[in-house]
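Visitor: Protein chains in written order, with the numbering used here: chain A, 21 to 522; chain B, 7 to 258.
Everything labelled a hint here was simulated from the structure, so no lab data went into it. Note that beta-carbon positions come from the ideal geometry of N, C-alpha and C, so glycine has one too. There's no promise every hint is true.
Here chain B is said to cover these stretches of chain A; the calculated rule only asks that three of the stretch's residues, wherever they fall, bring their Cβ under 8 Å from a Cβ of chain B [as the list claims (entries may be wrong)]:
hint, segment
1, 218-231
2, 481-490
From the structure, some residues in chain B lie toward chain A, with a derived Cβ separation under 10 Å [as the list claims (entries may be wrong)]:
hint, residue
3, Ser13
4, Asp56
5, His61
6, Arg64
7, Asp68
8, Ser70
9, Pro85
10, Ser96
11, Asp97
12, Arg125
13, Gly127
14, Gln131
15, Arg186
16, Gly189
17, Glu227
18, Tyr229
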Amino acid sequence: MIDTVVAGIDQGTTSTRCMIFDRQGRTRSLAQREHRQAFPRPGWAQQDADEIWRDVQRLVPEALAQAGLGHDRVAALGIANQRETTVVWDRVTGRSVAPAITWQDTRTSAIVDDLVARGTTEQVMAVTGLQPRTYFAGPRLRWLLDHRRGLRDRAEAGELLFGTMESWLIWNLTGGVDGGVHVTDVTNASRTMLMDLSTGQWDDSMLDLLDIPRDVLPSIRSNAEIYGTCVAPLAGVPIAGALGDQQAALFGQTCFEPGDAKCTYGTGAFLLINAGSDRPTPGPSVLPTIAYALGDDAPVYAVEGSIAMAGSLVQWLRDALEIIPTAPQIETLASSVDHNGGCYIVPAFSGLYAPRWDQDARGVIVGLTSFVTKAHLARAALEATAWQTWEVVEAIRRDLGLSLDTLRVDGGMTSNHLLMQLVADVLDAKVERPLVSETVCLGAAYAAGLTVGYWSDLAALRHHRHVAAVWRPQMDPAERTREAAQWNRAVGHALGWVEPAR
Amino acid sequence: MPGAIQSVERAAAVLRILGGAGRPLRLSEIADALDLPKPTVFGLVRTLRDVGFVHQDRATSDYSLGEGVRNLHESGLDPHDLRSHAMNWSDALASRTRLEVHIGFPDQDGARIVHHVFRPGDAPQELRIGEVLPFHASALGKVMLGFVAGTPTAPRQLERYTRRTLISRAAFDAEMHRIRARGWASEGGELTAGIGAVAVPLRGYGGIGVGALGVTGPVEEVYRHAGPPRDSIVEATLDTAASISRSLGLRP
């Protein structure tokens, strides 16, 4: 039998990587390139989409060369990407017409404030499942059309195309100006604030609300189907899977049953739980979204809660307070004490995300006494990540009635044994780390491999999943209750700290 | 007798200057004090910074003595930094050998497990982080006795765990001789009957032994039938240790 593989691309915030997987779901090779990010003004964050496309053109051949394979051995290619990052390009020249605006960028706050002031919040939530926020791609497209000279006219004349990163890459990989396919997938589209979450199609009322011409939009497709066939450097390879990165991680973690959940611990933390085939209607604290839609199958929904600061709090202890020389050494310092000394850190540096959603919250450290040392602070920082995970999980348990007895984890912070134990303790749930930690690339590859029959079904994917570590809850329930109450009191001190402008 | 090595002398001089200055120094100040060109001094302070003997302020870029000089009694590598460097490599090793992977650090009474990757498969397993394995009866422990500076010596009385445990001093000394000669250690049911292991040293900058990487599983999967450990397993473990050691600063 010919040795074939599946390729996965993870187009992320700071870098793009390509990985090659074999039939057992094992990694054969990995190639990675970092790209520039620009922060030209406070609140702005942008990237060069053309640079990212050049990176992809080099990365895929690099990964294949490392694995010692030609591109004729690639059965399919899957793509996962940083969500909500907005690209507009010229369909004739094939070049982007403005820097890509990334998901961290908050320049659309005036557009979003206007939507809220016009009383559209209920309508937006009913259609898209999202509350108007600067987080999503639709308002960014509107901003570009309003603020970049000539773009609106050119958009209305049909000269421009819009997409998130997967649209941009698929269009280029399938030929660009020479027959490129202009599509997006349903998970990325669900984060534009332009898609009806129930139908999986662009919604006219949202397009009217944001004054966006329909012609610039890609068509919305499922996460596992053949969108098109690559031209060089992967001539003939079908592009057969695309998902937003967090949904790709959920898929790569094989969260295929309602109640299966994963949390990715990076700079921030993203928790997604499979919510089954009916559109969920959680309270306002967590967001309903699409988990995945495979070909013609009905979509599977998810609920998502994001935490703004996880690893970035550890970096702050390292860079701003200088109480640890390296990020991993927070575990060394935190393990030197067996409790937090009564000290709690609420890392609301730029407000709180799920489930509190308070942009006026600011960080606090409470409970300081002369007993508290830097070791207690280090422990409180890790506990803050655990308790924020707990808040999201409690909101999901309450709103959806889903029990969560296992949390699958990935991301750099999973190398922190103490943190993973704390998460298991406060959630009162098992925490599992999978053997392939690159779950985003793996999820994209899984979707693509399913489409072309490289893997037969979801059961086959589940069979390839191996657990690298499990942490079990060890905390006394009375202590959990007591500490949860303390955490809630600490958060109370952080909420609404910023005074309204006079 | 070889003569004095100039770069070692110069490195010592940099440390003396920084120790005596009483305040952080700019690169040009160090270069002036040594009467050396700035690129030469830059190479010296960069190397000293990478090994932890010199600290560079993030904001001003000035140099001062690093924690490493004050803590020369410590190994210089934090076990959690090691775990973070080693995680992807050790996951791949578990995947390749289909065995359980351990990373060990020397402790007073044995090799302490600081990182653990489960054996791929459906069998339920428990995390063994924090467990301490006896030096003389485990592959991880024997590697530490052989290659990691500062490891306590094996106890006078070699305790018996199974009928295969080496309890005679002569037999144990011969085993350590073999391990030092070939560069890796094995464990054939000496700690737990039916369990085998292979372990190799992990090295940081300058070749300093900092810990051990091991794989473990049923003896018949680790060893050839009635023979030594399988070549493929020894090779995979050595390859992985070389990759981890490179990421720790060991230059090939």
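Visitor: Hint by hint, note whether the structure agrees.
Guide: Going through the hints against the structure:
1. With a threshold of 8 Å between beta carbons, the proposed coverage of the segment 218-231 of chain A by chain B is violated, since 0 of its residues qualify and at least three are required.
2. Proximity of the segment 481-490 of chain A to chain B, defined as three or more residues with a beta carbon under 8 Å from a beta carbon of that chain, is established by the 5 residues found.
3. Here the hint on Ser13(B) is broken, as its CB sits about 25 Å from the closest CB of chain A, past 10 Å.
4. Evaluation of the Asp56(B) hint against chain A yields a violated restraint, the C-beta minimum of about 13 Å exceeding 10 Å.
5. Because the beta carbon of His61(B) sits about 9 Å from the nearest beta carbon in chain A, less than 10 Å, this interface hint is met.
6. About 7 Å separates the beta-carbon of Arg64(B) from the nearest beta-carbon of chain A, less than 10 Å, and the hint is met.
7. Because the beta carbon of Asp68(B) sits about 14 Å from the nearest beta carbon in chain A, more than 10 Å, this interface hint is broken.
8. Using the Cβ-Cβ criterion of 10 Å, the hint placing Ser70(B) at the interface with chain A is not satisfied: the shortest such distance is roughly 13 Å.
9. Of the supplied interface hints, the one on Pro85(B) holds, with its beta-carbon coming within about 7 Å of a beta-carbon of chain A, less than 10 Å.
10. Annotation: interface hint on Ser96(B) holds; nearest CB of chain A at approximately 9 Å, less than 10 Å.
11. Of the supplied interface hints, the one on Asp97(B) holds, with its beta-carbon coming within about 6 Å of a beta-carbon of chain A, less than 10 Å.
12. Checking Arg125(B) against chain A: minimum C-beta separation of about 9 Å stays under 10 Å; hint holds.
13. Given hint, Gly127(B) at the interface with chain A, holds; its Cβ is 7 Å from that chain's nearest Cβ, closer than 10 Å.
14. Because the smallest distance between the Cβ of Gln131(B) and any Cβ of chain A comes to about 7 Å, under 10 Å, the interface hint for this residue holds.
15. A hinted interface residue such as Arg186(B) counts as satisfied when its beta carbon comes closer than 10 Å to some beta carbon of chain A; here the least separation is about 30 Å, so the hint is violated.
16. Taking 10 Å as the C-beta contact cut-off toward chain A, the hint placing Gly189(B) at the interface is violated, the least distance being around 27 Å.
17. Checking Glu227(B) against chain A: minimum C-beta separation of about 16 Å lies over 10 Å; hint violated.
18. Because the beta carbon of Tyr229(B) sits about 23 Å from the nearest beta carbon in chain A, more than 10 Å, this interface hint is broken.
Of the hints listed earlier, those the structure fails to meet are numbers 1, 3, 4, 7, 8, 15, 16, 17, 18, in rising order.
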